[in-house]
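*Asks:* With the hints as extra help, turn the sequences into a complete structure.
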Amino acid sequence: MLGFNIFMKKNIYFCKLILILLVLFVPNIFADVIPEGYKSINYCIQFNNLSDYQDYGLFAVCDTTLPTTYLLNDPAGCYGMYKFCNFKVCAIEKNKIPITLLDTNYSTQISKSDKQWLNSNISDNNFICKDLNYHPMINVKVESQIIKVVDVMAVPNFKDSSSNFKKIKIIYTYANGISEEMPYTNESRPISKYVVSEEIKNRYFVVIISLIAIIIISIILIIRKNRKKNI
Amino acid sequence: MNLPYLFSLIITIILELGIYLFFIKRPILNILGYVILINCVTHPLATIFYKQLENLIIVEFSVFIVEIFLIKWSFEIDYKKAIQISVIANLLTAILGKIISII
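Protein chains in written order, with our numbering: chain A, 1 to 231; chain B, 1001 to 1103.
Treat the hints with care, as some may be off.
As the list claims (entries may be wrong) - Restricting the straight-line Cα-Cα distance to at most 25 angstroms, the calculated cross-link-like pairs of lysine-lysine (BS3-like) are:
1) B:Lys1025 / A:Lys16
2) A:Lys228 / B:Lys1051
3) A:Lys228 / B:Lys1072
4) B:Lys1025 / A:Lys112
5) B:Lys1051 / A:Lys148
6) A:Lys193 / B:Lys1051
7) A:Lys16 / B:Lys1080
What the hints assert, rightly or not - Distance windows between CB atoms, simulated:
8) A:Glu199 / B:Phe1061: 49 to 55 angstroms
9) A:Val196 / B:Leu1032: 34 to 40 angstroms
10) A:Gln145 / B:Leu1096: 21 to 27 angstroms
11) B:Leu1053 / A:Lys96: 32 to 38 angstroms
Claimed, not checked - Here are some of the chain B residues that sit facing chain A, going by a computed Cβ distance under 10 angstroms:
12) Lys1051
13) Trp1073
14) Glu1076
Because the hints were derived from the structure by calculation, they are not lab data.
Beta carbons are placed, not taken as given, at the ideal position from N, Cα and C, and that holds for glycine.
*Replies:* Next up, the structure:
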């Protein structure tokens, strides 16, 4: 009986240790798959040449997870999508679009008949679609000051099959209200200079704390050693 | 000034002070002084390395090793006691840090 009790006690300690290690070292898992130490922020896309397509109706289309379609009719609008969407823009001649649908925008509810019209025309390939090859989602480090990101893009020529979206610039908005615009020089997203400079400042700050502490401890140890020598 | 960082440093110092007080019989201000110094050495460096490596095990283990020596030299105690203090103090702060990050 005593042996069994010791065995059980050891097992409980072992289980507690395993639990502690699990809490410590297993990364946090969230339903929306945001990696640990990161947060999701507001993100949307502006198209700087929507007014060039007066004769077309342009629709933002999400064809995965939660199907969404809405009309892009505000040249100054910033358009978002559910973060796991494969964001596409589909075009069709304006004269083919029902009038009721032309009055809608991304915030208005589309009627059942208009939805049916959209679905049937998309499935019949009556739209010319261009894929953004871009998931409308941005995760930044939890301590990041970025609260909003806007990508400015140019809509491609829908008649030219080789034409694609052109990334023009990115606008970062920070918690202190400052905005920073950076042009795209290649396909990859320009890194915020403000965030980089803040990170460097913070790094210097913590290194200085550490250095001061090391110096003080060294002085204390040297003084102590000298005192012992003198005794 | 990096306020979230300073907050986490102060919380760590307060938590570790409790552990040190339990193991070391010295005036509280003397212990507090050394706890601040020891944490001011390891905590900033651990923060930087964690951001670079993103590996809690390596960073915590390094802090644990460095703190053993700092505790031993600062309080002039034997290695056995220094190891005990370092293990408990770092385990406690790592668990609580993790819980706070989850919350």
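*Asks:* It remains to establish, for every hint, whether it holds in the given structure.
*Replies:* How the hints compare with the structure:
1. B:Lys1025 / A:Lys16: The hint is violated at about 29 angstroms.
2. A:Lys228 / B:Lys1051: Measuring from Cα to Cα gives roughly 41 angstroms; hence the hint is violated.
3. A:Lys228 / B:Lys1072: holds, 17 angstroms
4. B:Lys1025 / A:Lys112: violated, 77 angstroms
5. B:Lys1051 / A:Lys148: holds, 23 angstroms
6. A:Lys193 / B:Lys1051: This hinted pair holds, its Cα atoms lying about 18 angstroms apart.
7. A:Lys16 / B:Lys1080: Status holds; Cα separation ~23 angstroms.
8. A:Glu199 / B:Phe1061: 49 to 55 angstroms: violated, 25 angstroms
9. A:Val196 / B:Leu1032: 34 to 40 angstroms: holds, 36 angstroms
10. A:Gln145 / B:Leu1096: 21 to 27 angstroms: Holds, since A:Gln145 and B:Leu1096 (Cβ atoms, about 26 angstroms apart) stay within the stated range.
11. B:Leu1053 / A:Lys96: 32 to 38 angstroms: The hint (32 to 38 angstroms, Cβ to Cβ) is violated, given that B:Leu1053 and A:Lys96 are roughly 57 angstroms apart.
12. Lys1051: holds, 8 angstroms
13. Trp1073: OK, holds: B:Trp1073 within 10 angstroms of chain A, min 6 angstroms.
14. Glu1076: It holds, given that the least Cβ distance between B:Glu1076 and chain A is near 8 angstroms, below 10 angstroms.
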